[in-house]
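Work out the full structure: start from the sequences and follow the hints.
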Amino acid sequence: ENPRSIRLIRLWLFVLAGLVFAMVVVGGATRMTGSGLSITEWKPVLGALPPLNEQDWLSEFEKYKSISQFSLLNAQMQLPEFKSIYWWEWSHRQLGRFIGVVFAVGYLGLLLGGHIRGKRAVAYLGIGVLGGLQAFVGWIMVASGLKPGMTAVEPVRLMLHLTLASMIFALLVTTATALKPRSERVAPAHAKMARLLLGLTLLQIALGALVAGNHAGLIYNTWPLMDGSFLPEVVFFDWQTKGAEAFFDGIALVQFNHRLTAY
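Residues in the sequence shown are numbered from 6 upward in steps of one, following our numbering.
Think of the hints as simulated: they come from the structure by calculation, not from any bench. Some hints could be false.
To be verified - In silico EDC-like pairs for lysine to aspartate or glutamate, Cα to Cα no more than 20 Å straight-line:
{"hint": "1", "residue 1": "K197", "residue 2": "E159"}
{"hint": "2", "residue 1": "K88", "residue 2": "E59"}
{"hint": "3", "residue 1": "K185", "residue 2": "E6"}
{"hint": "4", "residue 1": "K68", "residue 2": "E6"}
{"hint": "5", "residue 1": "K124", "residue 2": "E67"}
{"hint": "6", "residue 1": "K48", "residue 2": "D61"}
{"hint": "7", "residue 1": "K48", "residue 2": "E67"}
{"hint": "8", "residue 1": "K68", "residue 2": "E46"}
{"hint": "9", "residue 1": "K124", "residue 2": "E6"}
{"hint": "10", "residue 1": "K88", "residue 2": "D61"}
{"hint": "11", "residue 1": "K70", "residue 2": "E59"}
{"hint": "12", "residue 1": "K70", "residue 2": "E86"}
{"hint": "13", "residue 1": "K152", "residue 2": "E59"}
{"hint": "14", "residue 1": "K152", "residue 2": "E67"}
{"hint": "15", "residue 1": "K68", "residue 2": "E86"}
{"hint": "16", "residue 1": "K152", "residue 2": "D254"}
{"hint": "17", "residue 1": "K185", "residue 2": "E159"}
Written out as structure tokens, the structure is:
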């Protein structure tokens, strides 16, 4: 294979991986600041422009006032505070758009330059499709928090959004590192263990998202015991009252599963 092509492909993939990592960090900050529902519409192209004058800001604020998060949690919020949370969500979405541009420009440049072709071109295009799917999943998540009576997004949709982002990041990194010369690759046994660890890490991220989505992180704030025991009775209560749903919204069970996977 052409060494120059490999270098260019790896550079492109690692840049994308770095941007996805930044996207997750900004997304975390967006959630921690309670900003995720500040933009109540999904406009992939037109939404790139933020409010440009006071009238635009007032219009966006009125849209936010129409959802339950405002009326139930933030009824005292004024326009300056709204601008603060708006910029977090806008930045998160804008970074997503930038990632899409970097992917498209890089892909077309490498394809037209003859650096990628055949199965590799199809595989890289598949990563781009996953990125587009992630944007759609993000809106599906936000939409769940815009329903009447909701003040936050549904935990399951938050889990899907974060886990898919983590999978895309892992896919970008592993695809780039797989382009190393065979002499530099790890032994098959080590690769198998690495894949197992990666799978468990993704599972732990998914379970962590459920903990965050259910605000379950501080419910049992002792370690290593929960409520005085390793397996508290309330875990069984969650299971008995909610059945399989308890794995997604049983506060005790989601925290127990998160701890257990960490071990």
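Here is what the structure says about each hint:
Among the hinted pairs, K197 with E159 is inconsistent with the structure: their alpha-carbon atoms are about 34 Å apart, more than 20 Å. In summary, the hint linking K88 to E59 is supported, as the alpha carbons are separated by about 11 Å, within the 20 Å threshold. Proximity of K185 to E6 is assessed by CA-CA distance (about 11 Å); at most 20 Å being required, the pair is judged to hold. Between K68 and E6 the alpha-carbon distance is near 54 Å, which puts this suggested pair outside the 20 Å criterion.
For a cut-off of 20 Å, the pair hint linking K124 to E67 is broken: about 49 Å separates their Cα positions. Between K48 and D61 the CA atoms are separated by roughly 15 Å; this keeps the pair inside 20 Å, and the hint holds. Using a Cα cut-off of 20 Å, the hinted pair K48 and E67 holds, with the two alpha carbons roughly 17 Å apart. Taken as a hint, the K68 and E46 pair is honoured in the structure, with Cα atoms around 9 Å apart against an allowance of 20 Å.
Of the supplied pair hints, the one linking K124 and E6 holds, its CA atoms being roughly 14 Å apart against a limit of 20 Å. A threshold of 20 Å between alpha carbons decides the hint, and for K88 with D61 the separation of about 11 Å falls inside it, so the pair holds. The hinted pair formed by K70 and E59 meets the criterion: a straight-line CA distance of about 16 Å does not exceed 20 Å. At most 20 Å may separate the alpha-carbon atoms for a hinted pair to count; K70 and E86 meet this at roughly 13 Å.
The straight-line distance between the Cα atoms of K152 and E59 is roughly 27 Å, outside the 20 Å bound, and the hint therefore fails. A threshold of 20 Å between alpha carbons decides the hint, and for K152 with E67 the separation of about 16 Å falls inside it, so the pair holds. Using a Cα cut-off of 20 Å, the hinted pair K68 and E86 holds, with the two alpha carbons roughly 15 Å apart. Between K152 and D254 the CA atoms are separated by roughly 18 Å; this keeps the pair inside 20 Å, and the hint holds.
Taking the CA atoms of K185 and E159, the gap is near 41 Å; set against the 20 Å cutoff, the hint is violated.
Checked against the numbered hints above, the structure violates hints 1, 4, 5, 13 and 17; every other hint is satisfied.
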